[in-house]
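Participant: Letter by letter, the chains look like this.
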Amino acid sequence: MAGLPLAFASPWVLLALLALPVIWYLLRLTPPKPRSEFFPPFVILEQLKATEDTPAKSPWWLTLLRLAMAALAILAMAGPILNPGETPLKGEGPLLMVIDDGWASAASSDQVHRTALAMLAVAGEKGRPVTIVRTTDLEDVSLEPMSAAEASGLLEAGTNRPARPDHALAAQRIRSAIAATGFGETVFFSDGLARSDRTRGLLDSLASIDGPLLVASPDTSGLVALRPVENQPSSMIGTAIRANGGGSLPLRITAFDKNGLPIATTQTLFADGETEARFELSQPVEVRNQIVRIVAESANNAGAVQLLDDSNRRRVVGLISGQSADISQPLLSPLYYINRALSPFSDLRFADTANTDEAVDDLLNQNVSAMVLADVGTLPVQAREQITGFLDKGGLVIRFAGPRLAANPASALLPVELVQGDRFIGGALSWETPKSVAPFEPSSPFFGLKTPEDVSVSRQVLALQSQDLENRTWARLEDGTPLVTANQVGAGWLVLFHVNSDNNWSNLPLSGTFVEMLRRTVNLARSTGVKPLEDAQLRLPPMEVLDGKGVPVPPPVGVKPLVLEGSIEPRVTLENPPGLYGTEDGFRALNLIGDAETLTALEPAMLPAKAQTTTLAASTSLTLRPWLLLAAMVLFLADCLAVLWFAGLIRGSSKARPRSVPAATALLLAAALGPVAPAGSFMSPAMAQSATADDGLDYSAALRTRFAYVVNGNEEIDAISRAGLLGLTRFVSSRTALEPGDPVGVDVITDELSFYPFLYWAIDPAAPAPGEEAMARVDAYMKQGGTVLFDTRDQISGVLNNGSGGNQKLREILATLDIPPLEPVPSDHVLTKAFFLLDSFPGRYQGGDLWVEQIGTADETETRPARAGDGVSTIMITSNDFAGAWAVDEQNRSLLPITPPVPGQREYAFRVGVNIVMYTMTGNYKADQVHVPALLERLGQ
Amino acid sequence: MSLTTGKLVEALPAQSVLARSRARAALIPDLLVEAQRVANNVFAGWHGRRRRGIGENFWQFRPYVQGENLAAIDWRRSARDDHVYVKDREWQASHTIWLWVDESASMLYQSSSAEVSKQSRALVLALAMAELLARSGERIGWLGVSKPIVHRHAAERLASDLIVAGAQDRWPDMKHIGDHAEVVLFSDFLESREDEEAHLAVFRDLSDKRVRGHLVQIIDPAEEVFSYAGRMEFRDPETGHRLNLGSAQTVKQDYEALFRGHTQLLADYCSRLGWSHTLHHTDHLASQALQSLHVAMSENPFDGGR
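In order, the protein sequences belong to chains A and B.
Going by the numbering used here, the first sequence opens with residue 803, and the numbers climb by one from there.
Going by the numbering used here, the second sequence opens with residue 626, and the numbers climb by one from there.
Be careful, since some hints might not be right.
[Said to hold, decoys possible] A short, non-exhaustive set of chain A residues, derived as facing chain B with CB atoms under 7 Å:
id : residue
1  : Leu829
2  : Pro843
3  : Ile846
For the record, the hints were derived by calculation from the structure and aren't laboratory data.
For every residue, glycine included, the Cβ atom is placed at its ideal position computed from N, Cα and C.
Let the sequences and hints guide you as you build the complete structure.
Facilitator: So this is what it looks like as structure tokens:
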């Protein structure tokens, strides 16, 4: 396949492409069939001049679409393959395939896998036996040649393992294999890293084989690994390494906790040409203590993951006091402040006994990593030996001074020699004042802490002047005398606070600085972690291991428990992949990369002379059939849509969709158009409930005054309410300065009511009363100044309002409302004068009273023509069916007859409406207007 | 599943007139029941054409006014207090009201968004109207079917006459309609231009005879809102003519404007004659049309509603 890297599985199918012109001819001839419809207003349709017809032939683009579809289907059937595999295998005879399948091969393993499989396929065709050597294999794996199919099966699980390749072992095994089998050709898939002499040995033994030697080495520029991190007092410091010092490479380091959640992240950069990059996680120690896994992102190999165990964790601190513990006075205990200061970041252990010997023994058995001795004077010999041993192993001992220590300055295990007795500063017989703490020096671990200005020390133990004293002092008072001294003993630290641990000698234990000082000190302690007891063997079951890509997985079959024996560091093997071993309570991390690890790239110069480099398959050979079929399918869907469009089943507007569109088509459309599919075409436009329309409705309601009616759910009543308010709106617009917008129906349960000056509520005796929640909203609406006009519409029912269904329903509705006392509109109420002068309030019926809120008792002496309380009656009740009288259709014709047909009653009904509107909108304004003559009269004076 | 929007409810070949009239005859009793139901619904708020007048039913007592006929005084009532009362009777001068329903092929149309065909809605309205008018004691006739009668059960009588007479798919002769009568026509008023002009001329002549007409135009929602798109072939149910449209959606605007114009033309013509024109959609409630028809019939056309 020269040129285009394309091959066909069954090229003869392509002959079908010859049929395309025929298909084209047929398609051109078949126009889509029109949809036939009876249409009574045919006459009107005929008058339209535009009677163009679809051409008898399909449009060219539809034909093209279908042709493309056919061509794609034919091509798909021919089974095209992009980048068909090619192998550079040239030799004859048994094939030796050596694969570096360690952690460093993670990035290239897919390519290696594909290339190896392609080679095996070629070898299989020629019937060449194959021997596969994986450099991570253990010694006991057989090297007998096998068939290519078997070899493919062997590689089925991938060519990447979380282990270190052992080139020395591999070379040895290959030499023995060469002795057994005469190989004709050798392939070496390197992981790109050279392991000094061992790799050379391997290459040499490969070069000793007759026949061609192919070496495939991937690009290692992205290969990154992490060395173990170190948990410093203020941060966690680590180093990332890479093989070749290429260009600068930014790197993102993320730390995960036990649950796999990222809790810290940092950036670092490989400078140009550098192979190491330091990074620092400066989270608080509490956060750092939770880290179990640090990952160099985008590296995706097991070496770029560092697992952390308890040795990087919180310290266990044991506390011993020289004073007998007095539980009843905890604040006086020397351990109290230490306890409070340490507990946030350490696990504390208390000795069960007052016997110092036993206490030390006890604490050491509890595996403490630090020990605090508060005012312990003389140490018994046994305890002294134990503590010395503890220090040698890297333990930390913090001692506090106190009366007992001051009395026994010669006691062993002190960082500095002490002067007998203590120094008392600032007493009654002294000129001196209590001393404060001097700023911490840069050499001190406390450097960086704020100098505590409020701390004063009145008593201390003094160190004998010596040459070391300067170096051993971590903190001093302003007069230069030491406050904290420390000395390294063995691998551990011995720290002495020259004051005691309660507030008798100084107020240091009360300060926050004390906490920080202890924290930094304790961080010096090496954590003990899981350690075998002396000479015993500890078997830790695998808890979680890393796979080749560095992803933590449950331990797969074949992973064995980690055996800890003495102080021998365990090694990563196939049976012990990197991971966490142990249980949730205590586990040990096993990491691939050690402290001194460096990576070296395999340079071409290191290869034997006869070696031929080959590239890995750059991209996979891609079977194009499914993609072509998918494209054909998409075209088919497009064609379906086009046909539907021609048939008129898809319309530009969603308005008035006839329901005849079959459900199947609707479904298809919904699937194809998704959210574009018209929704809400079956909703009544007047209803406000539509969730999507809500905002728009509120906006328009807020922008323009509108009358609103309460939607009962009874279509007939709602329609009359709407028509009634429409009529009122038009009447009001024509007679007054108010020009309201179209009325709306509101649902008291869901809609915002506050935009409407008043609500018309026609009572439907059959509808259930709204729930309490809805009535609470109505109540709020009324309390915020809205007016509700209830209309029972049953004046005609005759029975004086008591027994009628509407009236009872109204009572039911109002039962939950806070209703003020009501009265029929008195003759001097402002409602009778708000716009028109009225003496009755007829609607469609006459005679029913209009009830409003009672306005306090009228002052009998006052002769005001109009009365109004403050504000507007929040409720009006009528039975006259106002909306029925107001109701008009689009042509402004009344919908319902007036009963009885008194001429002019409709006009009066409209006037009532105007007065109600004016009353709700202007309140008692008209009541004040009647004073105008009096005001004018006064002005005239 | 049919892909069409509308259909003719009785898709029978034109020849089988007999079968069609049989089907219709079977339909009418049901429609009559429906009409009575609608009439009962409407009648709750229907207070007749109550006016004072000659009749048999008591209407009201009112004080005697000087100059009235002494015979009108109700002495029994007047004896109960110091005033003299006149006993008024309900006005019962019955009108002659002609009903007619267009039952041409186009009225058989029913789209999927409507519950019933135009024809059956028209028949229901007409029969319900007959029922209501009969209860008010009017003389009711059906153009081309039966002469005006005054009968409590005139609606039933008309229905049975209709069954006998068969479908009224041609416009009736209106020349014999007497002066001062009222005519209620139920149709979709979709006709060829010539027919329409002829009918308008007839209306004008009737109007000259002081006949009041009430046109109830019944249309299907699918006729008003043009919701077709794509390649369409339209067929005229009356003539069977066909019209092909390549992309029907392009004429939507024009068509709807034209349709509205046609309706408006009819309404304007009616208001010029002082007649009423009621537009009714078959997807609305029949009682609505009946209400507005009643308002139109009972209110004086010249005092303009309110």
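Participant: Determine for every hint whether it applies to the structure shown.
Facilitator: So, going through the hints one by one against the coordinates:
For the restraint placing Leu829 (chain A) at the interface with chain B, the shortest Cβ-Cβ distance is roughly 16 Å, beyond the 7 Å limit, so the hint is violated. Interface restraint check for Pro843 (chain A): the shortest CB-CB distance to chain B comes to about 5 Å, inside 7 Å, so the restraint holds. Taking 7 Å as the C-beta contact cut-off toward chain B, the hint placing Ile846 (chain A) at the interface holds, the least distance being around 5 Å.
Violated hints amount to a single one, hint 1; each of the other numbered hints is respected by the structure.
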